[in-house]
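Novice: Residue numbers (the numbering used here), protein chains in the order written: chain R, 2 to 311; chain G, 2 to 311; chain B, -10 to 296; chain W, -10 to 296.
No lab work stands behind these hints, which were simulated from the structure alone.
Quantities reported herein were computed from a predicted structural model and do not represent experimental measurements.
Only part of the chain W face toward chain G is listed, based on derived beta-carbon distances under 7 angstroms:
hint: 1; residue: G0
hint: 2; residue: A47
hint: 3; residue: L50
hint: 4; residue: V229
hint: 5; residue: M246
hint: 6; residue: G267
hint: 7; residue: L274
Every residue, glycine too, gets a C-beta built ideally from N, C-alpha and C.
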Amino acid sequence: MADLTTELAGVRLPNPVMTASGCAAAGQELGQFFDVTELGAIVTKSIMRFPRSGRPTPRMVETPSGMLNSIGLQGPGIDSFLARDLPWLVQRGARPFVSIAGSTVDEFVELTRRVVNSPGVSALEVNISCPNVENRGLVFACDPMQAARVIEAVRPHVPEGLPMFAKLTPDVTSIVDVARAVADAGADGATMINTLLGMAIDPDTLRPILGGVTGGLSGPAIRPVAVRAVYQVHAALPEFPVIGVGGIRTGADALEFVAAGATAVQVGTVIFNDPSAPMRVVRELDSELDRLGIASVEKARGCAHGGVGQ
Amino acid sequence: MADLTTELAGVRLPNPVMTASGCAAAGQELGQFFDVTELGAIVTKSIMRFPRSGRPTPRMVETPSGMLNSIGLQGPGIDSFLARDLPWLVQRGARPFVSIAGSTVDEFVELTRRVVNSPGVSALEVNISCPNVENRGLVFACDPMQAARVIEAVRPHVPEGLPMFAKLTPDVTSIVDVARAVADAGADGATMINTLLGMAIDPDTLRPILGGVTGGLSGPAIRPVAVRAVYQVHAALPEFPVIGVGGIRTGADALEFVAAGATAVQVGTVIFNDPSAPMRVVRELDSELDRLGIASVEKARGCAHGGVGQ
Amino acid sequence: MTSGTGAVQGGALQVKGEVVSLKPVGDYLHLTMTAPGVAERMRPGNFVALSVGGEQSAMLLRRAFSIYRAQASTRGGTVEIVFAEHGKGTRWMTRLAPKDTIDVVGPLGRPFALPKQPVACTLVGGGYGMAPMFSLAERLRARGCSVHMLIGAASESRLFGALEASRAASSVRITTEDGSMGHRGRVTDVLPDLIDKTGSDVVYACGPMPMLQAVSAVADEHGAHSQCAVEETMACGVGVCMTCVLPVRGDDGVIRMVRSCVEGPVFRGDRVLWDDVGTIPDGTLGAANRGARNERSDARDHGRSAP
Amino acid sequence: MTSGTGAVQGGALQVKGEVVSLKPVGDYLHLTMTAPGVAERMRPGNFVALSVGGEQSAMLLRRAFSIYRAQASTRGGTVEIVFAEHGKGTRWMTRLAPKDTIDVVGPLGRPFALPKQPVACTLVGGGYGMAPMFSLAERLRARGCSVHMLIGAASESRLFGALEASRAASSVRITTEDGSMGHRGRVTDVLPDLIDKTGSDVVYACGPMPMLQAVSAVADEHGAHSQCAVEETMACGVGVCMTCVLPVRGDDGVIRMVRSCVEGPVFRGDRVLWDDVGTIPDGTLGAANRGARNERSDARDHGRSAP
Ligand SMILES: Cc1cc2nc3c(=O)[nH]c(=O)nc-3n(C[C@H](O)[C@H](O)[C@H](O)COP(=O)(O)OP(=O)(O)OC[C@H]3O[C@@H](n4cnc5c(N)ncnc54)[C@H](O)[C@@H]3O)c2cc1C
Ligand SMILES: Cc1cc2nc3c(=O)[nH]c(=O)nc-3n(C[C@H](O)[C@H](O)[C@H](O)COP(=O)(O)OP(=O)(O)OC[C@H]3O[C@@H](n4cnc5c(N)ncnc54)[C@H](O)[C@@H]3O)c2cc1C
Ligand SMILES: Cc1cc2nc3c(=O)[nH]c(=O)nc-3n(C[C@H](O)[C@H](O)[C@H](O)COP(=O)(O)O)c2cc1C
Ligand SMILES: Cc1cc2nc3c(=O)[nH]c(=O)nc-3n(C[C@H](O)[C@H](O)[C@H](O)COP(=O)(O)O)c2cc1C
Ligand code: FES
Ligand code: FES
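Could you put together the complete structure from these sequences and hints?
Specialist: Structure, rendered in structure tokens:
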């Protein structure tokens, strides 16, 4: 039994494993498969200011060891989320990390205000991997300056003790530059990576399969890209907490991210394959650490860089 | 029997399928498995000015539906390549596309001069997805300006009738910007995509597996990213020929790239799984077109954008 | 066998099943597997989601199948499905052999709503869409309903359960598009007459989307309720991913993109905006703009679509 | 069965084989498969590359195995290998059953060089490294060589071919690290004495890298040639990818990173820079800088490594 407790930018978690935003809704459905209070945290689907219908179907394509999705951030909007979805998690004593998404900086600020005033929220994840309507629809996190603008704007509204993470896209020339920008702008850490932009074409019609034409690639297929991103950012900013996500399927995969420098990890697409995966990953991470004779997950953190444990 | 003949930036090919650089050496070994003269073209491993020993082993890691490599451009150097490797292809009547890689703009120019003066070369592929020693080791193709500098410099040395393609990396915020830059600089087309930067960590030692720490991710895992890149560039520059590459395993996969806008395609990593793959892809592409009642590969080109054939 | 101590009670389970048998029936395969706990909870219209391809599979997503029969047992209940070889996942399933293990999640989805009164019901199944109709028939008969079955397919080999139907229903009508068995044509050629003659109050349907749409329209016209089990592409099957949505009008008159895996797969036919499946119809709650299908994100304009 | 009309003659084939049998031998599995044409071309020291995981496998790369036996036949020859369950690919292979198809590429690699004279030879195998030694012994004996075998492993269950060896060789010595059979210790404890007593001119070895290195050193010291079959991670197995390299000194004295799949897997032991495997040693042809292992590309400094 290795010590899995994790101190993540000031919050204490029983273990470093979470669900990834958009892959666990608001937690309730997964309650059928495991006790959501046992998991490090539940990251909820990115919520927007208003109800949003998302993109037309088809919204997914299975790809080799992965999938594409173009959900288009369908959701009930912040009011309904706070009134109906969040309380389920809070009442049970789970640790909700609330993910927010805006189309403008003001929307991010407004969402932040609403979320931080709701009791029971453990952390805020600011999904800046979404299009900025004020800047030709370019994704905020594709540009260090735009990314920083969002984080700077929400920073004053996030109270002490509530960590705020920026969710980054890998579709950039240098993710280190973006991470540095959000760190400087006051993010308490970064969650990486969001999906890679991809697409698939129907073999019969020869037209794009997804209603949204392009979509986000996720799953084990992208794990090497995610591990690399975490490794690079940890190398550049060793004190900046990173939550690693991208293709985690097993405890050994989770440990790979921890060794690369992640303080916590998220399980996303693999939930669709195995709805019990998040708690299975916790158990497997524990046995992997035992197997290697490493006493705690903290000891393994950053190992790949040649630090402690090596 | 669909018409597979392909006019690619002025060269006529019996079919649009090629090997990808670095996945077929200089063609000879694959001659055991199929007749290399029947394939559209053989793209040779990127050759450098001088012999190069490459990176330490391990140089590869298998990943879900893909692999990472860090070969480090090992090769015999241009002199030996032209004297010993190229003639084998030329004598047989294969169509060699020679891929070159330099660490400086001058090296690219020198390599170009040497290659274009060798008889039997069908085209030049300029692999600008490699580090620029004059610019902090940043990859040329990561910066539209640096990418254009290389292409502009080699352009005057490439004779009429010998097409020159720029090989692009997907590890950029906007591949369209890079494609536009090389098109403006005089490239006759672009080959996309090179590998995605990734890494893997050893589950036992918790250290990076690859001798080169990071490596290039390839194989079916990355196909959706490659198709998207081709689709975006074809949408932005419909007249600019694109050679699609990334995870092609079957004729249907090849057709996906053609529908996205590719004029030709390359088979890379899948050769390691199935050394007969390139010619199998030719046959399967043919039967896919027949199945869909499309008379020629040219008719299918760009279909996904809603053009002819739809 | 079941995962997740401390998990919320009720609902779906994830269990390691074992293949009991796999037998061809016409163009389909009939798979029986153990799935302890799933059988016991199953109600007609529920489905199971199976993982495919084994341990090192490149296929990440589960495949959804209507439950044909479920048998509770002290040795661990069994669940049966009927499937068509369609793509790579179902091709893998055709090679399953007794004793192979298979990971089962279920029972999933909202079941068919049952009438409170002992009314007449018509059950329409297209192809393997007949699979869920037999357990439904049983429940309906147990409530005193009279059950009429209408079975359609492209050809005889794609009819499922024609023989069993004669035991399960008071009357059986068959249609094939090529006329190889029964009436030559579609179920909707026969349905109006059938509703009228049997005086059916409810029509239950499962099959391809165009069939459901047509059945729903016929039911409407003939004063019957319809309960349609839809088939939308699903990534998770358990309600967490939002891939399986279709436009449905709620009790409040508002159109919403609802998840067919948890709010369906069974919907009231008159509530589904059949013509608009695959689009975000105007007026849908949260629709950013009109005719979203025509405003597909253009990869030219921006780097990525929102996930 | 073989692919590629018009392909260059000779060399390797790609064929669809069929599993004939799979049997445990100690800690290993002995797989016999048909591989028409491959058997006929095989020479001792060659290997085959097998694709693993089936049609929808997430495992893209082939797995390499030394050929244990090859039997030509008019009905399509068979090839046999002996393998250890190691990771996910070999785990999949442990579940193969007769009649399963398996895609085989082979025979690959340079075989053991045979002496021109009828000299004495010592054949050293560590674990499954004994597999290629039996066909080699046969060839050597056919040339009038005397054959001595030295078999080593961690423990008895990991010895391969101890029984067969007594028929194949004039003398057999066994070592196990735990002493469960034969001499307690390593092959190199016994080898010096064996070379001297048998007057061996050539030592053939196959097994883990450290064993090969030690065997090569002992052979050197005792005036024997050594032929070592190495095991480097291979992506393609056919010479096109450059992943399988190790530093070898050529006839011209120049150190090169050579491909172990086509220029090996068998190398003269005195030519391999054993200490430098996993590095680019100083002075290697084309080495950009000294001690490349210490100059691992740093992800901090640049966006990507050259492919
Ligand atoms: C609620 C529900 C009940 C179903 N019941 C049955 C049944 O009883 N018998 C039966 O034969 N089939 C049924 N299907 C359809 C079945 O799920 C698909 O045929 C199957 O998923 C195809 O998988 P594949 O790997 O063979 O095809 P592929 O095309 O390789 O699948 C690729 C991906 O697309 C999805 N997909 C492809 N076709 C469909 C489809 N028609 N519906 C949903 N997802 C699809 C797959 O699940 C997978 O994720 C049902 C589907 C749903 C949603
Ligand atoms: C020329 C040669 C001959 C061999 N002969 C035999 C033999 O006769 N019997 C036997 O049991 N094994 C042999 N091996 C080793 C065998 O190839 C590996 O055990 C096997 O590839 C492991 O695959 P896996 O999927 O179980 O392991 P994984 O660790 O899942 O494999 C992941 C990847 O790493 C590669 N890999 C892992 N371990 C090795 C290794 N030791 N050597 C080479 N590649 C490796 C795999 O090929 C695969 O690409 C030989 C290897 C080579 C190169
Ligand atoms: C269906 C789906 C929906 C997603 N929705 C969101 C989202 O709303 N907000 C977000 O930040 N990330 C979203 N993501 C991205 C994931 O949180 C995660 O970053 C990514 O999928 C990589 O992890 P994975 O490979 O484990 O899935 C979504 C991913 C999927 C597959
Ligand atoms: C082992 C290996 C070596 C490669 N070497 C080169 C190279 O020398 N030059 C180059 O332009 N691309 C190189 N590539 C990239 C491929 O040409 C191709 O762009 C990439 O692998 C994506 O295609 P694939 O998925 O079909 O392999 C290499 C790829 C692999 C796997
Ligand atoms: S399939 Fe995931 S929400 Fe319905
Ligand atoms: S394994 Fe590819 S060159 Fe040797």
